[in-house]
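As given, the protein sequences belong to chains C and W, one line each in that order.
When the first sequence is numbered by the working numbering, its final residue is 573 and no position is left out of the sequence of numbers.
When the second sequence is numbered by the working numbering, its final residue is 176 and no position is left out of the sequence of numbers.
The hints are simulated quantities; they were obtained by calculation from the structure and are not laboratory data.
Treat the hints with care, since some could be wrong.
To be verified - Here are the computed distance ranges between Cβ atoms for each label pair: (1) C:GLY53 <-> W:ALA140: 52 to 60 angstroms; (2) W:MET56 <-> C:LEU79: 24 to 32 angstroms; (3) W:PHE76 <-> C:ALA15: 22 to 30 angstroms.
We put the beta carbon where it would ideally sit given N, CA and C, even for glycine.
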Amino acid sequence: MSARIFRWRAIGPLLVFLLISGVLWWLLADRIARRSAEKIGTAIVGAKVEIQSLHIDLANGDVTIRGLTVASPHEALKNLFQADELVADIDVLPLLEKKVVIDRLAANGLRFGTPRETDGRVPTDPRASVSGRVLNEARDWAQQFQVPALQLATGKIDVGTLDPRKLSAIPAAEALSARADSSRKAWQTGLDSLHLGATVDSATATLARLKTARATDLAALNEARRAIEQLKQARNRVTTLERGVNGGLTALRAGVAGLDSAKQRDYAFARGLLKLPTLDAPEIGLALFAPSAVAQFQRALYWTQLAKAHMPPGLQPRADDGPPRRRRSGSTVRFPRERALPGFLLRTAELSFLLDPTARQPKRYAGRLTGLTSDPAVYGRPTLFEASAPAVTAGAMLDHVHATARDTAGATIQGVKLSPMHLPSLPMTLDPGQGTTQLGFALRGDTIRARWAIRSSHVQWSRDSAVQASSGADLLWRTLSGITDLQVDAGVTGTLSQPRLVVRSNLDDAIAARLRTMLGEEAAVAERKLRAEVDRQVDPAIAPVRARVTTLQTDVTKRLADQRARLDQAQKDLEARVRELTRIRLP
Amino acid sequence: MLTLVKLLQSLVKALHSEGTPGQLAAGIALGAILGLTPLVSLHNAVIFALIVMLNVSFAGALLGWAVFIPVGFLLDPLFDHIGHQLLMHTPALTPLWTAMYNMPVVPLTNFNNTVTLGSLVTALVLFVPFFFLFRWAVARYRATIGERVKQSKWYRAVTASKLYNVYRLFKPE
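Take these sequences, add in the hints, and give me the full structure.
So, in structure tokens, the structure goes:
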């Protein structure tokens, strides 16, 4: 008997199975869709996405989500936003192509930055998830900025160690001492080589003989004249030696003066050992507000890069992570095609949101989002967002239609409560209160241009009690606590790989001036200490040299003068006796 | 443990069902597709419908499914690689994938997932060899030790269970 191909009696059970499947779908579809939406949303955002309820009405093409909470991937206990209700009007037919096309989405009761009780961030593996990778890249990018540390909290000036080997006066004194010694020896040798004693003695002997000689004793007279000539020559040699000594003494005196200059240089060197904190206002602005500014830019970069990852330009097939399941996820490849529907498209979203939701009378605003799609090149138009109200202006354009993505976003919000800022390096916290915040961000390919600014006229300061009090901190506290206005401007330009950050605030100049005053006093004390240390080390070397040069000068001058006087006296005596002998006496 | 007992039960029942070795082998080969590919896929609904509607051994399909689930897990890296090659590195096929991706219903099969496509292609390629291999193996089994097993006490204990009645609904005619 040949077997039949079809098992007709199994049709009944199969129909029952299909019926049960249909009933299960009807019962569980909302729950399954809610969980899937939470899972997909969490994977996209990189933080928990929670939905209270989700209802699918396929007959009318409506999906209603209530109680949507999207946690912030950057802050532990903060939500990115919450929404009371989202009603999506979806096209049913594209669902058969596994494509979600939402014609219109109405989002009501959007609230941004609301607090949450549990950490909404999800641990992401940079290698396994897009959001984890982008989060890591944004973090790495932010860490490129070298924020200078402001050493203000204690107002201390660090004094380096004074190394005597690096002082110039001591070796100069030693060199001068050696020169003085050698000069003394040279001059002594010079004096000895003049043989003045023999010359004077010879002249004295000649004079003694002349005293007994007659006028006709020509030999004695000639001897006297020779002695006078020798005395003159000796005096010339003394003059020459004296000239050399004077030159040497002048050099030694210059050397002594040089010791003073060397000591001044040592003072300057010691001043260089004072490690003064930076006093430049731009550096202070960077030190104070760079972390806050960089955090803003980092977030903006995260969202734009995340958008680029999920809304890539071009029509090339691209692989994303597959669905999470027990089996290997693999990669899911999308094949966009021109004039076809994108995988996801939100044509229009009308957003109704609250700003400052914790206020007594939160303000309600409206915004509009158009053309949010997973395949911008297929859709052919950029994603646009705009929201405007008397105190709010916000807009964004994600243009991924062409090969080079262009993302721009800007927002100005007035009269909103700004978050308190703990200022690094300062033991105090700044609460800007209600103010204006602005953020501008443009990313074209790899080129970034961003600006963040806050303005407030109701700034309140509070001291950090955990930090030990110091005179410097007290002075700064007195300076800053009197400031009620706050103006901070931060900007980033350049490329993503080589960004340049500039931060300025109205506090910079005030802090810089106070620092100068505060550190001026401190620096003077420290400088006096260092000068005393220089004196202590240098003076024992300089003083003996100075005394030695003075003694040498006195001694050599006196000796030369004595010798000259002896020569002069001998010559004078001889000349007088010769004149006396050669005078013509008339009878 | 219960799963193991059920697996044993289905194995015994399948091998000794009234179906021909061909019906049993076809059931195992179809069940292998279920086991090798990710279960929650649209193509598996089609495979399941074929198992139910075609006059193949349902127990054999259960057996094939149960046996090839761990094999599927083990071979996932290979399936991923095959799927990746087919979807991303075979330009000649890109127009086909693009057309299928933008076609109604087809994307619901998850064909554009590397593991799903790789495992499905592998399972389909192996379907015919599996069929002939299992048909030969079942025939050999029945001709050698099958009759002795059928006479054993534990075989009668297995076939006497309530599940056997449910199974009889789908036994080959």
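Taking the hints in turn, this is what the structure says about them:
no., hint, result
1, C:GLY53 <-> W:ALA140: 52 to 60 angstroms, "57 angstroms, holds"
2, W:MET56 <-> C:LEU79: 24 to 32 angstroms, "29 angstroms, holds"
3, W:PHE76 <-> C:ALA15: 22 to 30 angstroms, "29 angstroms, holds"
Checked against the numbered hints above, the structure breaks none of them.
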